[in-house]
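S.K.: Sequence:
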Amino acid sequence: MLESIVTSVNDVVWSIPLIILILGTGVYFSVRMKFPQLRLIKEMFRLLNDNKGKGTDEGVSGLRAFIMTAAGRVGVGNIAGMATAIALGGPGAIFWLWVVALFGTAIALIESTLAQAYKITVNGEFRGGPAYYIERGIGKKWYAKAFALVTILAPGILMPGVQSYNITSSLNQAFGWNTLIIAIVLAAVVGICIFGGVKRISAVAEKVSPFMACAYLLVSFIIIGTNISKVPGVFMMIIQSAFSVQPVFGALAGAALSKGVMRGVFANEAGQGTSAIMAGSADVSHPVKQGLASCLSVYAGTILVCTTSAFMILLTGCYNVVGPAGGFLFEGMPGKEYGVAYVHGAIDTIFPGFGAPFIAVSILLFAFIALLAYYYYAESNLVYVFHETKAWMKSNKPFLYVFRGIFILAAFQGCLQAVSVVWTMGDIGCGLMTWLNVIAVLILSNQGLAIFKDYERQKKLGLEPVFDPDLLGIQNAGSVWRDRLDEYKVAQKAEAEEKGLAA
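So the sequence shown is numbered by the working numbering: it starts at 54 and just counts up by one.
Each hint should be verified, as a subset may be incorrect.
Computed cross-link-like contacts, SDA-like style, restricted to lysine to any residue with a CA-CA straight-line distance of at most 20 Å [said to hold, decoys possible]:
{"no.": "1", "residue 1": "Lys506", "residue 2": "Asn225"}
{"no.": "2", "residue 1": "Lys389", "residue 2": "Gly229"}
{"no.": "3", "residue 1": "Lys87", "residue 2": "Gly77"}
{"no.": "4", "residue 1": "Lys389", "residue 2": "Gly406"}
{"no.": "5", "residue 1": "Lys512", "residue 2": "Gln528"}
{"no.": "6", "residue 1": "Lys506", "residue 2": "Leu91"}
{"no.": "7", "residue 1": "Lys389", "residue 2": "Asn449"}
{"no.": "8", "residue 1": "Lys513", "residue 2": "Leu524"}
{"no.": "9", "residue 1": "Lys95", "residue 2": "Tyr352"}
{"no.": "10", "residue 1": "Lys512", "residue 2": "Asp539"}
{"no.": "11", "residue 1": "Lys450", "residue 2": "Leu462"}
{"no.": "12", "residue 1": "Lys389", "residue 2": "Lys506"}
{"no.": "13", "residue 1": "Lys87", "residue 2": "Lys512"}
{"no.": "14", "residue 1": "Lys198", "residue 2": "Asn225"}
{"no.": "15", "residue 1": "Lys512", "residue 2": "Val474"}
{"no.": "16", "residue 1": "Lys389", "residue 2": "Asp401"}
{"no.": "17", "residue 1": "Lys513", "residue 2": "Ala503"}
No lab work stands behind these hints, which were simulated from the structure alone.
Throw the hints in and build the complete structure from the sequences for me.
M.R.: Given below as structure tokens:
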């Protein structure tokens, strides 16, 4: 019953118009900005190092915001999600995932730039994201509240189950631990962490995220390197399957497109608006700085982790592909449901007995950090919806405590649901946010592009860019920019003098 309902809703949300909207918007911004996702890669890495450790009382550093957005983009969607895409869309789904990554970076740049431009200070912390730029940029408070409510619903209730289910599934397969006990312990630990606040969340992510990513990638590269002679054949199979010319998987070309785009957006968050929420919490001197950092996190999540996961699975043949009419077009893992089993099966081909425990630990770390990121996304929008109410101003604790209880319950319940239900619920949440956010980003495209051009103009002059909203005619930009403009300009002038330039 529940599975039938969520599947029907998901089919409506993720219909062809949404796929066209995502890809079309990505192409539009890429062309208008002359493909910054390719020509500004060096600048992305420079900013990452430049922003290290420069957080303030109001906001986290640009590096920490990058790590949190990367953590949200490097989760179960990049590991088990690739197995799901291949199982339901065939190898061709990976091609469309790459397309979404390439053009989605342009959307990520603009949405994160807008989140920075329109951020405000609430309770001593920077808050930004789609709800804020919709209200302040477009001037439609009802639209902003609609997005905020959907974002409380999606990462707060619908999406945590994807992460918690895969934690439970991987630990159960690796160690045989009881599902209910895993669910109880996970809920308790999540509860302890989310009562610590955003600064604690970002601190945990900064320490754990690089380690978990490097360890997973190292094992992935070993598996791929061992099967390097098969890479050209697998690459050709991916391309042919995406365009109906592969004899086995060609019948799934349509499913490859939809599943590839769906898994791509879920994995890299470009267009969802969720990563823009974290981007809005960063303390930087120009919005585009965080926009470029968001581009880099898309690459980290999709080009590296998603691609290595997919190639591990395809190179070793450890996967099943479900046909359009049921049954299997390919069955390399008989009796295994799609998900983490494909990945640890691939690892076991080189390291027998190592795959399941290694993936269990990796999933635990990836998914746990993603759960914390989800909570922050939802809480930020809870603050947006209620922070002006009398009850909130009197005491915000009842709001936060009730929501934290709901979030913990959602994570707990996800451990006990069927795999198809948790993925479909997650896709519904992802799709609803994407519809509302991408349309808003298109409406604000002139402002986003103007801010981007201002950044490039200052870079060409040899200056460290500083954002002056009045100079660009950006109305209703966050007052924080005007309050701190002198501070940023002093720093810019000092750096310009050091370089022998005139600021």
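S.K.: Now tell me, hint by hint, if it's right for this structure.
M.R.: Tested hints:
With a C-alpha separation of about 51 Å, the suggested pair lysine 506 and asparagine 225 falls outside the 20 Å cut-off, and the hint is violated. Between lysine 389 and glycine 229 the alpha-carbon distance is near 16 Å, which keeps this suggested pair within the 20 Å criterion. Proposed proximity of lysine 87 and glycine 77 is supported: the alpha carbons are some 15 Å apart, at most 20 Å. Annotation: proposed proximity of lysine 389 to glycine 406 holds, straight-line Cα distance about 16 Å (limit 20 Å).
Taking the CA atoms of lysine 512 and glutamine 528, the gap is near 23 Å; set against the 20 Å cutoff, the hint is violated. About 16 Å separates the Cα atoms of lysine 506 and leucine 91, which keeps this hinted pair within 20 Å; it holds. For the given pair, lysine 389 sits about 46 Å from asparagine 449 by alpha-carbon distance, which is inconsistent with the 20 Å threshold. About 18 Å separates the Cα atoms of lysine 513 and leucine 524, which keeps this hinted pair within 20 Å; it holds.
At roughly 13 Å between alpha-carbon atoms, lysine 95 and tyrosine 352 fall within 20 Å of each other, so this suggested pair holds. For the hint linking lysine 512 to aspartate 539, the alpha-carbon distance of about 19 Å falls within 20 Å, and the restraint holds. The straight-line distance between the Cα atoms of lysine 450 and leucine 462 is roughly 18 Å, inside the 20 Å bound, and the hint therefore holds. A threshold of 20 Å between alpha carbons decides the hint, and for lysine 389 with lysine 506 the separation of about 51 Å lies outside it, so the pair is violated.
Between lysine 87 and lysine 512, the direct Cα distance comes to roughly 16 Å. Compliance with the 20 Å bound is thereby established for this hinted pair. With a CA separation close to 40 Å, the supplied pair lysine 198 and asparagine 225 exceeds the 20 Å bound. Proximity of lysine 512 to valine 474 is assessed by CA-CA distance (about 48 Å); at most 20 Å being required, the pair is judged violated. Taking the CA atoms of lysine 389 and aspartate 401, the gap is near 15 Å; set against the 20 Å cutoff, the hint holds.
Between the alpha carbons of lysine 513 and alanine 503 the distance comes to roughly 15 Å, so the proposed pair stays at or under 20 Å and holds.
In the structure shown, a violation is registered for the earlier hints numbered 1, 5, 7, 12, 14, 15, in ascending order.
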